[in-house]
Amino acid sequence: MIQKVLVSGNPRLWNRNVGRYPYCPGCQHPLMERLLAEAIDELGIEDRAIGVTGVGCHARLCMPLDIDVVQVIHGRAADAATGIKHALDGEPIVFTIQGDGDCASIGSEGFLGACHRCERISIFMLNNTNYGTTGGQMGPTTLMGQKTTSTPEGRTPSHGYPLHVPELVATMRGVCYAARGALTTPAQYQQTRKFIKKALQKQMDDLGMTFVEVLVACPANWRMKPVDSLKWIQEEVIKEFPLGEIKDVDKT
Amino acid sequence: MEKIFIQGNEAVGEAALAAGCHAFFGYPITPQNETFEWFAQKFPKMGRTFVQAQSEVGAINMVYGAAATGKRVITSTSGPGWGLMQEGIANLCAGELPCVIALVQRGGTPGAPSVQHAQADYLSATRGGGGSGYRNIVLAPASVQETYDLVQLAFYLADKYRNPVILLSDALIGHLMEPLELRTLNFDSLPEKEWAVRGKGKQNDKKRRYVTFAAVVQGREPYPTMMSFAKHWYDKVEKMKSEVRAEMTQQDDCKLWIVAYGYTSRVSKEAVNEACAQGLGVGFIRPITLWPFPEKAISEAIEKGAKKFLVVEDNIEGQMVEDVNAAVQGKADVHHLGLFARHLPTPAGMILPHRISEEINRLLQKGDK
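Chains as they are written, first to last, in the working numbering: chain X, 1 to 252; chain R, 1 to 369.
Mixed in with the good hints, there may be bad ones.
Said to hold, decoys possible - With a Cα cut of at most 16 Å, we get these calculated EDC-like pairs of lysine to aspartate or glutamate:
1) R/K207 to X/E46
2) R/K206 to X/E46
3) R/K331 to R/E295
4) R/K42 to R/E14
5) R/K202 to X/E91
6) R/K207 to X/D66
Claimed, not checked - Ranges between beta-carbon positions, derived for each pair:
7) R/N186 to X/P30: 49 to 57 Å
8) X/E153 to R/G47: 54 to 62 Å
9) X/K231 to R/E238: 38 to 46 Å
10) R/D333 to X/S158: 53 to 61 Å
11) X/E167 to R/D188: 14 to 22 Å
Unchecked claim - Facing chain X, from chain R, some residues (calculated, C-beta under 7 Å):
12) V51
13) G58
14) A68
15) K71
16) T184
17) V197
18) Y210
19) V211
20) G281
The hints are simulated quantities; they were obtained by calculation from the structure and are not laboratory data. Bear in mind the structure is a predicted one, so any value in this text is a computation, not a measurement. Idealized CB from N, CA, C, for every residue including glycine.
Looking at chain X on its own, in the form it has when it is part of the complex (with noise of 0.2 Å):
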């Protein structure tokens, strides 16, 4: 059988004049929005796809997408798709855009405690490693070493070590799907899309709380040059986070 990719043009449900806003050269947060909006599209569940955002440069994510969205305060946004996905009875498939800060810092305890609770909606958390909207200050997955502008002198034992949020989910029973991809060649992005597709089947056949981690570049408070922070990724990044699928109930 033929899969048909798109391969040029935008996506049907990617509307880049509604409610857009800038984003610094060499961020890879566009490549996230182009493959939500083609993965519900393939999906079909547009008419019923509700997307929740939390509080950072990921809260812009949802704006082109031509979805119902919800955003949320900084760290909150488990807790809403749990509210919305329950007061409407299960049926519409609710994800939320999340940061690492806003998802595994400041969202931790709302994020726990929807995996603990099984609810049937997915997280997608990108991470880029620090803080990207308040100007690069250390976040739960800054790496060892790497400067920030709250560790100057590079993150030490005494800031604590990068969470692994996928692995450390996986060991909850609620939680259905974990998996971790990247951005940086043609083969992450389609592994990457493959991995976001079966987070939001699972959710469609209710089978729990899906998982999504997504590495993404940030140029600007790297300090890099857009094509130096894709390398850093692939050389420094992917040896903290190891790439591909840690939990699929579909696989034990």
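Given chain X's structure and the hints, the job is docking chain R onto it.
Showing chain R alone in chain X's frame:
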């Protein structure tokens, strides 16, 4: 009309049902547990939503999500949980999302840490503890029946103004058992919630909805700029001020007026009745809306010759006293009878009618009779 024997906390649940509420999100905390458990036991069996959140922070943000779908939604809590909900409530206001929050007050103020009763959250409920400035209508019941009626009113007002409405109860009203007439109240019809998210396919116009707390977000119709939302908010608060409600005795020639809400209003009423039976002219005002505060009732009392006001509320320094003082504008003396007047020096102590009578006599002997 059917009557049942029920406590105040459970009447919150019965009222939510009567108002067509679809979802409850909450976290266990004393002394509101009976409300929480009522929903846990009844709602799932009715095909409605009950979720035990991981915390009150979670509960209020689940309310945010559920309210964004246009369904009627409620949560309940007490002092410390109320504290955790503040950020969420501020953003429910900013997002213009209607919901009802029942706050069953308990002790816990400095000097009186207790899970037992007190009226310590007046200021927090009427002023709000979240950031950026906002207002909620605050309704204070003094009986089980009134709890039932005011929760229904709260749902209506929340939808009418697209804003959270607070029910400020206390441990004694919450645990009080009284006969309750299950009367479903009728209110004016409300417009369709065409702003709510349901999934684009369920919208009449098949167009996407975008619910946000951030007024500056481009495309948040119908507010093109932050200033246009600010103006809308200002106008809305002015309209909400018209919802003021109070109970007031109508006798003239009262030099002394008692002002109280919640459990202390029940106790105060007894003392006032006793004083009136003895021929002492004592007036009585019971604010039903704490915000907007019934300032006109106070100024009316002053026009009728009030020289002194006694605010009876079971807390340390007096909280409603601030609103009474603001309404009195220096035209009369304002006194407070509070936690130190309890009959026992324990968390179970109460302000009893005879203690209020004593204070009435003391205030009437000093100066104006």
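In ascending order, which of the hints set out earlier in this document are inconsistent with the structure? 9, 11, 16 and 20
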